[in-house]
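There are 4 protein chains.
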Amino acid sequence: MTSIETRNEGQGDVSGTTTTDLLLRAVGEGVRIYDLGRPLTIGMPQSPNHPAFWHALPRRHGDMVRVDGGSAANDIITMGTHVGTHIDAFAHVSQDGKLLDGSDAAQASQGGRFAELGAHTIAPMVRRGVLLDVPAALGTPVGCEAGYEITPADLEAAVERQGTPIGAGDVVLVRSGWGRFFGHSDRSVYIGNDSGVPGVGEAGATWLADQGPHAVGADTIAFECLKPGSGHSVLPAHRVLLVERGVYIIEAMALDELAAAGVHEFAFMLSPLSIFGATGSPVRPLAVVGA
Amino acid sequence: MTSIETRNEGQGDVSGTTTTDLLLRAVGEGVRIYDLGRPLTIGMPQSPNHPAFWHALPRRHGDMVRVDGGSAANDIITMGTHVGTHIDAFAHVSQDGKLLDGSDAAQASQGGRFAELGAHTIAPMVRRGVLLDVPAALGTPVGCEAGYEITPADLEAAVERQGTPIGAGDVVLVRSGWGRFFGHSDRSVYIGNDSGVPGVGEAGATWLADQGPHAVGADTIAFECLKPGSGHSVLPAHRVLLVERGVYIIEAMALDELAAAGVHEFAFMLSPLSIFGATGSPVRPLAVVGA
Amino acid sequence: MTSIETRNEGQGDVSGTTTTDLLLRAVGEGVRIYDLGRPLTIGMPQSPNHPAFWHALPRRHGDMVRVDGGSAANDIITMGTHVGTHIDAFAHVSQDGKLLDGSDAAQASQGGRFAELGAHTIAPMVRRGVLLDVPAALGTPVGCEAGYEITPADLEAAVERQGTPIGAGDVVLVRSGWGRFFGHSDRSVYIGNDSGVPGVGEAGATWLADQGPHAVGADTIAFECLKPGSGHSVLPAHRVLLVERGVYIIEAMALDELAAAGVHEFAFMLSPLSIFGATGSPVRPLAVVGA
Amino acid sequence: MTSIETRNEGQGDVSGTTTTDLLLRAVGEGVRIYDLGRPLTIGMPQSPNHPAFWHALPRRHGDMVRVDGGSAANDIITMGTHVGTHIDAFAHVSQDGKLLDGSDAAQASQGGRFAELGAHTIAPMVRRGVLLDVPAALGTPVGCEAGYEITPADLEAAVERQGTPIGAGDVVLVRSGWGRFFGHSDRSVYIGNDSGVPGVGEAGATWLADQGPHAVGADTIAFECLKPGSGHSVLPAHRVLLVERGVYIIEAMALDELAAAGVHEFAFMLSPLSIFGATGSPVRPLAVVGA
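Chains as they are written, first to last, in this note's numbering: chain S, 1 to 291; chain E, 292 to 582; chain H, 583 to 873; chain A, 874 to 1164.
It is worth saying that the hints were derived from the structure and are not from the lab.
Any given hint might turn out to be false.
Unchecked claim - Beyond 10 Å from chain A on every Cβ pair, some chain S residues (computed):
id, residue
1, P48
2, A56
3, L57
4, M64
5, R66
6, G111
7, A115
8, E149
9, A153
10, V234
11, G262
12, F276
Stated by the list, open to error - Pairwise CB distance ranges (calculated):
id, chain 1, residue 1, chain 2, residue 2, range
13, E, D392, A, H1057, 41 to 49 Å
14, H, E727, S, R245, 22 to 30 Å
15, E, R471, S, Q110, 51 to 59 Å
16, H, D650, A, D1083, 16 to 24 Å
17, E, G537, S, Q110, 17 to 25 Å
18, A, S1061, S, G102, 16 to 24 Å
19, S, E145, H, G765, 31 to 39 Å
Just so it is clear, the structure is predicted and the values come from calculations on it, not from any experiment.
Beta carbons are placed, not taken as given, at the ideal position from N, Cα and C, and that holds for glycine.
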């Protein structure tokens, strides 16, 4: 167990009331939690590049009954880590054989795990979060078009419309509206190989990185723009964010309820599973405001 | 995605400053996060009753290189949900064939998952948390003896010593000190079948439930007292908490750092994976205070 | 380890030469082995009702090097047992809540495994095998039409054309020709939900059972006829064979090479994994003749 | 599906009777099959270096009932391939970074699987098999001592005592007697880290290879001699057989029943799962003689 300190730049101390007091007062008054994660269910849409999510009950009630009449059921799950709502660790992507810290990507995984940049090195986050509702800023609140590349101008327009500038160390969530297809009976729609998927491209990723966030996220599987038929052939935003600028990426988030409630600024909480040496972790991020 | 409201009973509103403001001010000033979860590593101590945790990299960097020189690595994990730091859902335990809500436990799992009381029904938590450092209250701060049953008097002594009464809706973490054996090279030590493991028994669990918490947790695999050689033959605290009183149980937590820092009251955050119909979920809970 | 005895009815002893001698002479002269199984590969066509097959190398060469310069790589696999070429155990299917032996199907799985009729009770087979090349008998050697129901008359025609009567205790393989779609780039073609899949229906299954075989097999996932759009809504052949008549079913076999070689009678060998209490096992059956 | 030809050197054709006739006559007369594999059960002894075997029933009867009253149960399994009775592929072991065919071991696994020397390249075997009952030859029929190295002289003594010379292309099974501990309630006994395990060493492996077999096997997890406390620190027999001489190794076999029956020569059958690119496969080998 480690203790870590998160301090957003440019903020001062409130005299007389400790931060702990503020936290305790907030939870005392009551908070509203927006669940930004997707349920993990068999058959949910996910990239076919990753092991499918499966769940079973090895033991059901009655399989074994204790002397006092008690019984228990348990689970087995098997899955890729980039399945459902998840966060990419810096070990996930390399460019020209190098990771973020300049290390050799192939050697970094020697032993079958990434000791230096694996998911276990992603510190839990309790930070200021900003939702950039891009479709609303574009006047098409339902969502962006398939394959649409969200530009720096679009992102700025959202900031302007919402009045939510991004501070260094924040977590920025980019809503494309594509999440509305997550529950579609045809899984391939949300995956969007043929149609393309909206999201930032290299320019938008660079603009985001320039705001100095700690992490970014989106409501699509791949986070960034996929052109129709391209699949994951090139992922420049991943390169910019994970390899060049050191910004975590959270994917397949559920952002529509947050947007519908008009909540653009919140306490963002994310606590990844500390999977030693992994390239990512399933997560269930939260946007927390007052009740 | 759902939005939920958490309000601890008996708290009033602070005029003039919204709860959202309090939260944003807190994260702005900077928070210190205590990670209450254990890393997930191959070979870590866990109950043999549950599928072992395993991790592998199906894809390593270089296995597939994109046209622009980018490459990615990914993971497969397989595990039981009651492995490592985890939370028990109400579907986990039954008594005389019934679950918490009186439903038939065997029928509740029809279809291979618990639609009503599965892990997906555990709402994410952002609540007041209290750590009861029992060994410190007993004058043996390193830890309780193997197989020691923590009594209501012990729990009250901790509350008294710390000055941290428990409020309804809080999350109460009971430190036994047994967590110091988690990293022992002999896995069986932490599992403690032969030695027994300290923890509350039926009386302590009842006392806890009477304080009206939303969830309780401990630094042992089984949460409750295990007598030497008994293993999991009877688990009365599970019955009291999960089946009778509707209080979640979090197990195998890391509590020593929190105790060493003397932090007994904090904002507690836990966001379980929404594994549909499961009996539990691996978690990485957080204790958050000011930086 | 168990030893079992297989004797096909109606055969006599050859004086002077033991059966062991015959076997040793055969292997001494050289045998030709037709592999009737499909390779297990990620992404192969399989029923979505069963956990997907996945494979990864947790350890690659160089991850750990021994003092003498040796190194090893290993695997993790996760799969359903009814994936790829596999055999159904009698525990697999029930009718009106009963298994083959009249036992209660729900109780039979208490404890999370079928102690009485699980895959571990399928004895390894070394028996006379007969391939019924139905498309050839019908004059359309490439294959039967999608959704075509192979009738008793069709099966008899194949026996007649080939001159291979079925003896009690034999293993009968029914070729539909559908196996030619196994490697199709569109996985859904072989699965055949929309198109339907050829195979025997209730009548053909009954005819087969009346010949007294020990097991039957086919080159489709479901063994029996699937009407277009029906999927696995009703599977009468499974009922007849597994629940009523006690005949094992082998699915997703590769039979085209055997048929192309005109081999209709052979020594059939199948050795399922002895997965305790499972409902089936992946297998790699063999048809063996002289070289 | 592939057809392959296996011919043991030095054997002639029997005029007038085809090999196929011999095979069909043998199965017609009735064969006795000795199962040389171990059941796959949760908790069975296995090397901790490999993912544990687990099995569960995702679906039990009644979870889903068809319109006609039929229902099915199915499985999920997860395991390493070097678990239980299994065969090592040539991809499994390297020496100084090279595999059997001189290829670079690290590059050979690029893409996460061994395309050239993986388990899918192990042809199914129907060959003459020889059991060398070493303990019986040594006068201690129950078994060799823990950590005893079986020497070329021991192997020759067994051949001599039994009158079963080894021919090129045969499969040679070396019984140590250690298999009697497979079912021991203390799993660590069969694994034998502390006690050591009997088996051939480099000299015995070389002697075996010099006989020209196609594969060898033993009744221990590691096939070769393990000195007390050494574990798998060096495995010279693996190097000799898999990397230098190209002889497959089968491990954790059940050989005691075969030995007790005095069967030293038989038709040996082994059909590995064709797991693409894997380093091994679970198997259930058979020794077949007349009934």
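Decide, holds or violated, for the assertion that all CB atoms of chain A are farther than 10 Å from the CB of E149/S.
-> holds (31 Å)
Determine whether the Cβ-Cβ distance between S1061/A and G102/S falls within the hinted range of 16 to 24 Å.
-> Given a distance of about 44 Å, which is not inside 16 to 24 Å, the answer is violated.
A56/S and chain A, when compared Cβ to Cβ, separated by more than 10 Å | Violated, since 4 Å does not exceed 10 Å.
Between D650/H and D1083/A, is the Cβ distance one that fits in 16 to 24 Å?
-> Once the Cβ atoms are compared, 21 Å apart, the range 16 to 24 Å for D1083/A and D650/H holds.
Evaluate the given range 51 to 59 Å for the C-beta pair formed by R471/E and Q110/S.
-> violated (31 Å)
Non-interface claim for M64/S: all C-beta distances to chain A beyond 10 Å?
-> Check passes; 13 Å lies beyond 10 Å.
Determine whether the non-interface label on L57/S survives the test: each CB of chain A must be over 10 Å from its CB.
-> violated (7 Å)
Is the nearest Cβ of chain A still more than 10 Å from the Cβ of A115/S?
-> holds (18 Å)
Beyond 10 Å from each Cβ of chain A, as asserted for G262/S = holds (42 Å)
Non-interface label on F276/S, tested against every C-beta of chain A at 10 Å = With a cut-off of 10 Å, F276/S remains clear of chain A, as the shortest Cβ separation is near 15 Å.
Beyond 10 Å from chain A, beta-carbon-wise, is A153/S?
-> At roughly 41 Å from the nearest Cβ of chain A, A153/S sits farther out than 10 Å, so the non-interface label holds.
No chain A beta carbon within 10 Å of R66/S's | At roughly 19 Å from the nearest Cβ of chain A, R66/S sits farther out than 10 Å, so the non-interface label holds.
Violated hints, listed in ascending order, are 2, 3, 14, 15, 17 and 18; each of the other numbered hints is respected by the structure.
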